[in-house]
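Q: Line by line, the protein sequences are chains A, B, C and D.
First residue of the first sequence? That's 574 in this note's numbering, and the numbers climb one at a time after it.
First residue of the second sequence? That's 899 in this note's numbering, and the numbers climb one at a time after it.
First residue of the third sequence? That's 159 in this note's numbering, and the numbers climb one at a time after it.
First residue of the fourth sequence? That's 4 in this note's numbering, and the numbers climb one at a time after it.
Derived by calculation from the structure, the hints in this document are not laboratory data.
This structure is a prediction, so every number in the text was calculated from the model and none was measured.
Glycine included, C-beta positions come from ideal geometry on N, C-alpha and C.
Wrong hints could be hidden among the right ones.
[Claimed, not checked] Using C-beta positions, here's what the derived DEER-type ranges look like: (1) 864/A x 1211/B: 52 to 60 Å; (2) 1211/B x 733/A: 28 to 36 Å; (3) 281/C x 1293/B: 35 to 43 Å; (4) 1211/B x 225/C: 29 to 37 Å; (5) 701/A x 87/D: 44 to 52 Å; (6) 285/C x 1293/B: 24 to 32 Å; (7) 864/A x 1079/B: 34 to 42 Å.
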Amino acid sequence: MLQAIGARLASSLLVIVGSLALVFCIFNLLPGDPVLSMVDPTSVSPEVIENLREQLGLNRPFHERLLTYFGDMLTGDFGRSLVGSEPVLPKILHQIPATLLLTAASSLIAIVVGVTLGVLSAVRKGGLIDLAARIVGLFGISMPTFWSGILLILIFSVQLKWLPAMGSDGWATLAMPALALGFVGAGSIVRMVRGSMLDVLGEPFVTTLRAKGLRERLIQGKHVLRNALIPAITLIGMQIGDMLAGTVIIETVFSRQGVGRILADAIMAKDLPVVQGIVFFTAIVYVGINLLVDLSYAAIDPRIRRRGANL
Amino acid sequence: GSSSGASTAQAAAGSSGAAASAPVQGGELTYALATSPDTLDPRRSGLAVSVRVFGALYDTLLVRKADGSLGPSLATEWEASGDGLSYTLKLKPGVKFQDGTPFNAEAVKYNFDSIIDPQTKAANALALLRPYKSSEVVDEYTIKLNLETPSQAFLGNLSQGMLSLVSPTAAQKDGENFGKNPVGTGPFKFVGWSENAEIKLARNPDYVWGSEEAKNTGAPYLDTLTFKIVPEEATRIGGVQSGQVLAAETVPPQNVVALQNDPNAQLLQTNTIGFPYTLFFNLEHEPWNELKARQAVQYAVDLDSIVKTLYLGTYERASSSITPGILGYDESLEGKIKPDPAKANALLDELGWIKGADGIRAKDGKKLTLHYVDGSPNREKRNDIAAMIREQLKAIGIETEVEITQDIATVVYQNWDYDLYGNSQVNSDPNGLTSFYRSAGEGRRTLSGLSDPQVDAWLDEGAVEPDEAKRAELYKKVQQYISDQALILPVYVFPYTVAASRSVQGLTFDPFGYPIFNDAYLNK
Amino acid sequence: MKFSAAAAKTKSEHLRRIPPFKRAEAVGGSGRATGSTFRLGSADVLTGAAAIAVAFLALCALVPGWIAPYSPTEMNTAAILQAPSAPHPFGTDYFGRDVFSLIVYGTRDSLLIGASSVLVGVLIGGALGSLAGYVGGRLDTIIMRFMDILLTVPGILLALTIAAALGPGLRNIVLAIAISSVPGYARVMRGQIMGIRRRGYVFASRALGAKPSSILLKHVLPNSAAPLLVMATLGLGSSILAGAGLSFLGLGVLKEIPDWGALLSQGRGYLTVAWWICTFPGLAITLFVLSVNLIGDRWRDAVDPKRKGRA
Amino acid sequence: MTARLEVTDLTIDVDTPRGTLTAVSGISFGIGPGETVCLVGESGSGKTIASKAIMRLTDYENGRIAGGSIRLGDQHIESLPPHLIRDLRGRRIAMIFQEPMAAFDPVFTIGSQLIETMRAHRREKKAVLRQAAIDLLIRVGIPEPELRMEQYPGELSGGMLQRAMIAMALSGGPELLIADEPTTALDVTIQAQILKLLGELKDSLGMSILLITHDLGVAAEMADRIVVMYAGRIAEQGPAALVLGQPRHPYTIGLLNSVAAQGSRGGRLRAIEGSPPGLADMPDGCRFHPRCAFATDRCRESVPPLSDQGGGRLAACWHADEAAAAGDAQQAAPAAHTGAAGPAAVAAPAPRPEAAAAHGEDRASGSAAPQASALLEARELYKHYPVGGGWGRPKRQLRAVDGVSLSVAEGETFGLVGESGSGKSTLGRLLLQLEPQTHGQVLYRGEELPQPGSTRWREARRDLQIIHQDPYGTFDPRWSIGDIVGEPLDVHMKLGASERRSRVGELLEQVGLQASWHNRYPHEFSGGQRQRIGIARAIAVNPRFILADEAVSALDVSVQAQIVNLLQDLQRDLGLTSVFIAHGLQVVRHISQRIGVLYLGKLVEVAPSEELFRRPAHPYTRALLSSIPGAPAAGRETFSVTGEIPSPLNPPSGCRFHPRCPLATDRCRNEEPAFAAIGEGHAAACHYPL
Ligand SMILES: Nc1ncnc2c1ncn2[C@@H]1O[C@H](COP(=O)(O)OP(=O)(O)OP(=O)(O)O)[C@@H](O)[C@H]1O
Ligand SMILES: Nc1ncnc2c1ncn2[C@@H]1O[C@H](COP(=O)(O)OP(=O)(O)OP(=O)(O)O)[C@@H](O)[C@H]1O
Ligand SMILES: [Mg+2]
Ligand SMILES: [Mg+2]
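Please model the entire structure based on the sequences and the hints provided.
A: Structural data, given as structure tokens:
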């Protein structure tokens, strides 16, 4: 068991380090100079620019910078933003809760809505409910979040004045962004759950359950759903990842705090330390999601639990 | 053209009735900004949005009054030396920074010296302060500022927000972090900044040294002033309409009409001064180095129609390289150039660019293309301007490649890879023209890339000419030259618009278009 | 725990023992929609409608001039922001362009963004996934770890990098979307291949002496492709949306004839004053996604022998 | 409390994408209290759907009771509202299924699934129910019931699961137990145990049982009465002894004849020609007429009613008397208990009776010993699979094949039998060198086969072919059968398109399919036809050797007989050597000259077929033989094994069979018996050969 955890940690670490190195390389490939976006090149002399580069260590060779970066990271130093020159770690730590909250809330919505619609549509296969659920699901995956987000604002903030249009303080501000984001994930989950529910409904053990005289609701809610979730979990995990990525747009639309917006700004400003810090965070979240996915597998599927396959 | 000609802040719609009622003390004004300030350290900031906050946090030595002249603020008197190489300023006594540090000559000296210190990584402030050399503390409240070369713009620049004065104690203590813990002498003191969400300021009760710019020279009426950062237009306006914020800046034209009819909202609008949104030809690129080619474009593009269509009548068309309200603005240029496709075609024909089968002109096997670079996102519908210009140029056989890029710094300022690129600047003095049109030094260049000794001479003279009337003449010459040479396409004068709840009263703007919060109060 | 390999084997072994007829029955007879009046045949009506829609869109992409009443670039400044009316069924935009014509002409690029990014993503992801799944072992680990890394690198960062490295343009938007989608396709493909390579017909072919390469090409790949292709039908829509998202973040290209995503993103500011500018492009995307998915589902049912006969 | 089930004129429609089809047409039968009725018939004849209709489970499978009635006591099941039906299910009628592994929800423990069933029908404290569940498990003979309660279905063996399934069925105390092929998926030894258990339970609980099977042997052993179904109708029904002993419907007679039985070795089986019709294309009149030797115009035109044939027996045939007479005439030979031994050429005649007979005799008399030169020889073969391991667990060795030596002579057919998991398939794969062995050698014509990948290895692939148990799974669903049959041609001979086409056509005809079907797809064929396709593929490149791994196990008896005949013809015509793996002992006996018995990876006995059946030397062989359903052969005492095959991960010490062997001694526990000759061509690994 310990060994299993060790192996798991090692591979997670590899992914995290790999992501950071990849981002570092990407930035190295990017033309343009962060210093140029920091100052007005028409009014600042070349020496000043050179001087700034020197200060930021930008003219040292690539591998040296990479090594220094990882070295500093080990001591908990993620560097300072090139733009605001504030330390990266506190800057990001401050934003992470909002993003995590949004991701979690929208995942919750996606899962609850997606699974419910998926189950309904499978159980009522071929019926109007099925058709409706599938179309609702497809709408979810065919609407850009910024559009549905604005629509939500117009309806719930401007017209009905029920919910605040912006901000990230309090539950009320979470509702619309989570809905806009979660709806997208729900779309895919509906399809997946429907398909796998139908597969499981065709399994012989369902006939056994019926032959035992169990209520249909018990069969579908307890047995079929649990089995159907097994193949759906991977997709749900991927959806959560997508939702994390989706925060970039949603945070902008709803003017929420969060790493998504910081990331967008940092990328535009070529602020590598900040980007790296955020990638570090997202990599950890991805690794966490994978762990969660595996844990849910184990929780749902005793075959995996008993074998201790992935953990 | 600009009907009023003056740079007075013109509050439209509802603000008129407001003046009557008596100001109410207290309350929180939430004000949605379209973008986030980069830093609250005026010395290091490069963004206009930061200046909107600086006005509340800091004071400047001088202020620009509504009529365009300079007025006292932290400096009560000022006087130039005969050679124009130094200025002596008398400072207001009894002023304290919000951290208790007294404001005096030492503080001013510290501020200006730190701006020219490379360690500070000063940005726009450095450009504004030039040609500052050093300071001499004459006595506690008198300071002498020495310049490298005479500059008529210098004094005026001291009224710009980027040259606001910061607390030396705090600046030294916080160093790099000062921008996140700003301390000034302004009417509001800093409470907190949570990134991408809001900047919270609180009333500075000790504030009694307000300039005459606002009616209220004492402490502000508002208890709290909170800037929210809301990049998405629809959300920002939605915020005002739903009452979640009391004011929001930069109202898109299409919403202006709706807001004007909204009983719960009012629309405040003021034109900004400086350099209008201007498209610069790159004189180093063929064939735009030829006057006739540029003229052809000038005749082909119907800017009146573009501005009217896109901004639905809410923006004013710009006619010159500077905006009305700036010294020397040449009104005669207004309406001087009328769109004339026939003339445009003729000019290009003359140059030997012949229309091909696809309707695009070509010469020596080379197509006539214009590389139009614009920034992203679509700020003030500038991308849409590009789209319309592309259509209009197509009519005369020019193919426009529009490049929309996030990375203006690289594409434009490093590679100078554009035929046409647009820029605007808030400024108070025509001397700013130098940075666009005066031939730059060795290995450097300007947006226009112009290098004409005559223009250089006018601009150099204008920088030092003490006589206002003569200065104005010089700059008129420059403007006419620019227009005659078709160096630019001036597009629009940017009006700063604010949508506000009806309860917001007394919110006014300085000539630069920056909000003045000292008179603002909330009607219950 | 008494879990022996023998027991693990028994299930598949026993399944093999069921007469073939019965196996078909086991998967064929799934839950009946209780009390629904909306029955089987309607699936075909829907698919038919979807096919017509796709055909129409294809027509728009190929010969927009036949369908659109106006030129998409014609800016009639005298008629801006006109609500839908007989001459302009979808209204006009802020340039005075006819929205209907814009959408018709925008079809080509939209479908192109969708199709080509899916194509590239499927090709790269499919190839990597097949390699990982078929070869297995260390290569599998390396490839999948790299996919994990790619997954954690934010999509906009990729988009920006590619745009910076190759210059701006549609091609790069496509590439960026494609590359972000690679890990997903690779995962699915790998899973498929790992399943298919254990199939009886692969074993049979090997027993016949067929070369591994020809087994891969003739048996494994064709049989693994279906889920990937179904995923690709979903990808068609989400790529267009991803393009819209990039356009929202300001990474789009300014084309003479904007694609649907760009129309949507550019028109969003007018939602309150001229809802038609971005609503109709949104509906176009929905229509496309909906029809492609309906066809995709139907087609999977038709291709997948396990799902034969299911609606 | 026990009531009679009465099914009258039951007709069941199923909705399919192609429209509504009638799966069962007007069947009637009854089951009295405490009676066991067997429903027999070939695959697709409607047995399952009829039995599901009794519990109205057809509601969930697009099925509809279109006519007739089902009455349990005084309740009309066909019209009961859903909640009453649910109350009936599991309480008054319980059902067990063929696939114990598939019939349990894999993600809940056995215990929770048992308790859940009880809770559906009675309100009681959990502890009480738990105790009741444990009692039930004890009752069905599951050892360590408390432990099993906490285990998941995947952790139990098939036999154990089937017992648990029965326990679950019993939990409601049903009056009627429907068992749909409850032992088809199990080994003969386990099948015997389960059937015995069912018999005991029925006696002690006084339930009625409706047993569905396609195995006449099982029916013979269990049934009080037998109902024979064909194509959705009842062909014949009556007391078991009568139906099996004096069948009156040509179909029943054909079925009985198809069973490979004692004494028929090597000869042709009397298969029923053709295959059962599909639902969509039912013949008019008597549905059996296209396959019936007695068919007349009357049969083609009108449906024969189920008419009284005396002795409580009913048959639906216009020509029952003729058929019965013809059947009787053939029953000169001592009737076996199954009644199937009699060579009754009632059904359509075999294609080449003379040749078959002649050759059959030849073969039969031929020597069984491998004196001819060995084509394939295995020397001390071992195959150990590493299992487990990873994530910090130790790797263990699964001894699938554990030291097997045997040789197969040129032209010989060698049969391989043994319980599931004994290593038959693995040994087969090793013989063909489709997998590398852990130890030992395989010699093909005296030489070791080269390594995979080399040219010679590929050549060997041409000589050594395999017929797979499950043909459907070994066909690429996207390939037409022409391509499937042509695949070996593409691999080994580069034929031109037309040549290839004609060869494929030839092959298809050779196995009794039409050449014109080459562009059809596998799913369009019936099980028997698919097996033919598999055979065509195997013989496409004229191999020397064929491994038939359970090639007929999945088929219906009538089709099985056809395939066995075909295989025998081909072997003879092409001079093939073969190894024939099956768990149907009778079939192996019928087709092979010698038989090897495998137990837990070891060969325990090898003997000429007849010798093996007559004088099994190893107790395990003996046990296998006596597990064959139907009464044991005369003169041989029952010899039943208990328990199940142990795990090959840690096989028992000494003689591997000792834990299950009634004769085991300490010596058996400690000392491994040598594989020693005990007669001519007869060897066994037992300390105390019988
Ligand atoms: N849900 C269903 N939908 C369509 N056809 C069905 C369905 N269930 C059964 N059938 C058809 O009804 C016929 C009878 O099926 P049934 O399962 O009762 O046969 P069986 O006698 O039990 O065969 P086997 O021995 O293979 O189990 C078959 O042809 C089958 O294809
Ligand atoms: N590839 C493998 N990896 C691990 N174990 C295997 C593998 N193949 C077979 N086994 C194990 O080897 C043992 C023998 O299997 P094999 O398939 O040869 O048995 P069999 O006699 O053919 O059984 P059946 O009658 O069920 O087909 C079983 O316990 C099985 O689980
Ligand atoms: Mg059945
Ligand atoms: Mg086997």
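Q: Has the hinted range 35 to 43 Å been met by the Cβ atoms of residue 281/C and residue 1293/B?
A: At 42 Å between Cβs, range holds.
Q: Taking the CB of residue 1211/B and the CB of residue 733/A, does the distance hold inside 28 to 36 Å?
A: With a Cβ separation near 32 Å, residue 1211/B and residue 733/A satisfy 28 to 36 Å, so the hint holds.
Q: Just to be sure I understand the hint, the distance between the Cβ atoms of residue 1211/B and residue 225/C should be within 29 to 37 Å; is that true here?
A: Given range 29 to 37 Å: holds, Cβ gap about 34 Å.
Q: Has the hinted range 44 to 52 Å been met by the Cβ atoms of residue 701/A and residue 87/D?
A: Violated - the Cβ-Cβ distance for residue 701/A and residue 87/D, about 28 Å, lies outside 44 to 52 Å.
Q: Given the range 52 to 60 Å, decide if the beta-carbon distance of residue 864/A to residue 1211/B lies inside it.
A: Holds - the Cβ-Cβ distance for residue 864/A and residue 1211/B, about 58 Å, lies within 52 to 60 Å.
Q: Given a hinted range of 34 to 42 Å, is it respected by the beta-carbon distance of residue 864/A and residue 1079/B?
A: The hinted range 34 to 42 Å holds for residue 864/A and residue 1079/B, with Cβ atoms some 39 Å apart.
Q: Should the hint that residue 285/C and residue 1293/B are 24 to 32 Å apart at their CB atoms be regarded as holding?
A: violated, 48 Å
Against the hints set out earlier in the document, violations occur for numbers 5, 6.
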